[in-house]
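For chain A, the structure is supplied; the task is to place chain B on it using the hints.
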Amino acid sequence: MPVSAGNGTRGVDDRRIPFSRLRRIVAILLAKIAGAFSRRLQQGGGTALPGLVAEHISPDLLGFLLSQVPAGAIFVTGTNGKTTTAALLRNILAADGRTVLHNATGSNLTRGVLSMLLEHTAWHGRLCVAPDGIAVLELDEAAIVQALRQHRPTCIVVTNLFRDQLDRYGEVQTIAAGLRSAFAQLDAATALLLNADDPLVASLGETYAGPVRYFGLDDPNLARDDIELAADSHYCPHEATPLRYAAAYYGHLGEYVCPTCGWQRPERDVRATKAVLHGFAGVDLTVSVPHEDFRVRLRVPGLYNAYNALPATTAAWRLEVAAEAIVAGLNATIPAFGRAEFIEFGERKAWLLLIKNPVGANQVLRLLAAEDGPLHVLAILQDRAADGHDVSWIWDVDFECLASAAVTASGRRAEDMAVRLKYAGLEDITVLRDIANAFDHAAETMPAHKTLFILATYTGMLEMRRVWAERGLVRQFWEEDLA
Amino acid sequence: MKLVIGHLYPRLMNMYADRGNVICLEQRCRWRGIDVEVRSLGPGPLHNAAELDLLLVGGGQDREQLLASRDLVETKGPVLRDAMRDGLVALAVCGGYQLFGEYYRDHTGAELRGIAVLPAYTTHPGEGSRRCIGNIVTMWKGKKLVGFENHGGRTYLHDTAAALATVKNGFGNNGEDRTEGAQWQNVYGTYLHGSLLPKNPAFADHLILQALQRRHGAASLPPLDDAVEASAHERALKIAGR
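Chain order of the listed sequences is A and B.
For the first sequence, the positions run 2 to 484 when this note's numbering is used.
For the second sequence, the positions run 3 to 244 when this note's numbering is used.
Everything labelled a hint here was simulated from the structure, so no lab data went into it.
Treat the hints with care, since some could be wrong.
Pair ranges (Cβ atoms, derived) [stated by the list, open to error]:
#1 49(B) to 242(A): 20 to 30 Å
#2 129(B) to 185(A): 12 to 22 Å
#3 128(B) to 346(A): 54 to 64 Å
#4 129(B) to 239(A): 15 to 25 Å
#5 42(B) to 442(A): 36 to 46 Å
#6 239(A) to 41(B): 23 to 33 Å
#7 33(B) to 178(A): 39 to 49 Å
#8 282(A) to 81(B): 46 to 56 Å
#9 81(B) to 405(A): 39 to 49 Å
#10 245(A) to 87(B): 34 to 44 Å
#11 405(A) to 227(B): 17 to 27 Å
#12 72(B) to 221(A): 32 to 42 Å
#13 145(B) to 179(A): 32 to 42 Å
Computed from a predicted model, the values in this text were never measured in an experiment.
Idealized CB from N, CA, C, for every residue including glycine.
Only chain A is shown next, with the shape it has when bound in the complex (with noise of 0.2 Å):
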């Protein structure tokens, strides 16, 4: 914490600036230097840098600015979604004419949150935001426990839990038990609007003493029979029993019920009642909250994104936000980047798709198999940091479905990536170990009218938009931001 040397004598001299706000100014000054020349040396435009820099000379900056936002903040929060969910929000907010602040590329740490808001910020630490600004922030699981420490939002959204890079993030019951000690620190002014089709999530609501509203899928048709192999949290939170599924839409999530203590899926506030999938061009959803039903056609693809619109329009619902203005603002967003991201370059077309984890890769592979095949595929498995060390769960994704496919393995881990595809059945497999190489071979090697689907990681995906970005063929993600 920082020592506030100068309150005590504050009512003595009040020329005297107290030290916390001194290091507030120098912590902002210094983060936009370092701002400036991590863009002017292209390190990543600057999305984390200049947060970096001043959290760490002064810890209570982000709840600072935060409690400048006239309309209060909306955390997002989860393993899979949280990028596409906070686009949806934001654009719905956007569509319903609001000022929005929304650290769109991705950074989702503390540090990515404070780099957008210091953009707003003038030197001596007043947020620069309009009388209605709102701010929809992306956290992941372990950055939203440290921001709670400084802020509290209106309104807290849960998008699921899923096993995710356990070197790095811990198992999943330990990152639930993380946020319910978080939210019990929290009060009425904060609402949770969480995941009822997910048991962990639908669970932190139980304990909570603030108001809990939840979203959830009611479609039959698109129910499995069974929940996946990679499914985390299929036993009842208070029993030592599996839970029933009566459907099971992916990875965990469904309607479920304890046979032994009768624990079920929670009563829902915002429901989708019908979802058509569409392949990559889209989903028709069929979205109920309380008193009126509307339809929206999806730009972004598969079941896992459609999933996205659910809290999206609950957060907004509690916001009041009239309906013409979800539907719009849903209506209008396109994937983030890297989340399934379109190209054309000369003749050929190729989508760009994230996966970093059993589940949601699963969910790419259900795209993927609903194309024409034979397919044609570049996977870039990578191992740094924002990947996980551990690569081992590329062995929990079902890749058996890509067993005709003419795959380019690539990245630091490419060499992995070919044995998980070969023990797939696949046998049509090229390592090339540089993205940049793999690419052009996996391309060259296509027929001139066919689709390259490319898998990447994180970094991967990175490297991927970073290549493309000096062949023109994309603008750098922090320069859309700035569009």
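Same frame as chain A, now just chain B:
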């Protein structure tokens, strides 16, 4: 020829993708024309344990491990112990390895019983202690094994001669005595994920051959083209700094 693989608690002990070991054994048998049947062994009584040739169990979350421990000790333990005494080839990874030992004492001091087929016991050094996480390289019978470890518990052997391998890089059983894993008869315990077997095909074939010898008296295995596996193994060595 046919082998039966028992996958113990595929849903309970599924956290660290050790399913890759099952996939690996299955495919390496099929590629050699050996029929394979994989049986999922969830909680409940185990019949026909004598039909099993290979038994695999992976790592789970603490809560799931508690449920698995209860079933293993109270329901399946005696049957499985008999089968393993009779030469059943078994591979237990991480949480599964801990349950094949004598006990797991967690950070509160509470003890989770194991089935004690491996001469090992595990203690958690207390809340706030560092987990053993990272790439690991060990030496097994003059060959290197590569993998990734991620465990809070420290495992100790009554006699270090019972270790499966020696640590070259990483923590291993406890980060102190350079032992990794444990072995008793044809039962192997280890902390290596990765998954372990696909990147260490020699170890995978060792298990298959032992199972074939026991059931069918086979003396050798036809070799496979392991170029892809070898390059992944080499890459893992390089990244681990070996």
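Consistency of the hints with the structure:
no., hint, in the structure
1, 49(B) to 242(A): 20 to 30 Å, "holds (23 Å)"
2, 129(B) to 185(A): 12 to 22 Å, "holds (18 Å)"
3, 128(B) to 346(A): 54 to 64 Å, "holds (55 Å)"
4, 129(B) to 239(A): 15 to 25 Å, "holds (24 Å)"
5, 42(B) to 442(A): 36 to 46 Å, "holds (39 Å)"
6, 239(A) to 41(B): 23 to 33 Å, "holds (30 Å)"
7, 33(B) to 178(A): 39 to 49 Å, "holds (44 Å)"
8, 282(A) to 81(B): 46 to 56 Å, "holds (54 Å)"
9, 81(B) to 405(A): 39 to 49 Å, "holds (42 Å)"
10, 245(A) to 87(B): 34 to 44 Å, "holds (37 Å)"
11, 405(A) to 227(B): 17 to 27 Å, "holds (21 Å)"
12, 72(B) to 221(A): 32 to 42 Å, "holds (35 Å)"
13, 145(B) to 179(A): 32 to 42 Å, "holds (40 Å)"
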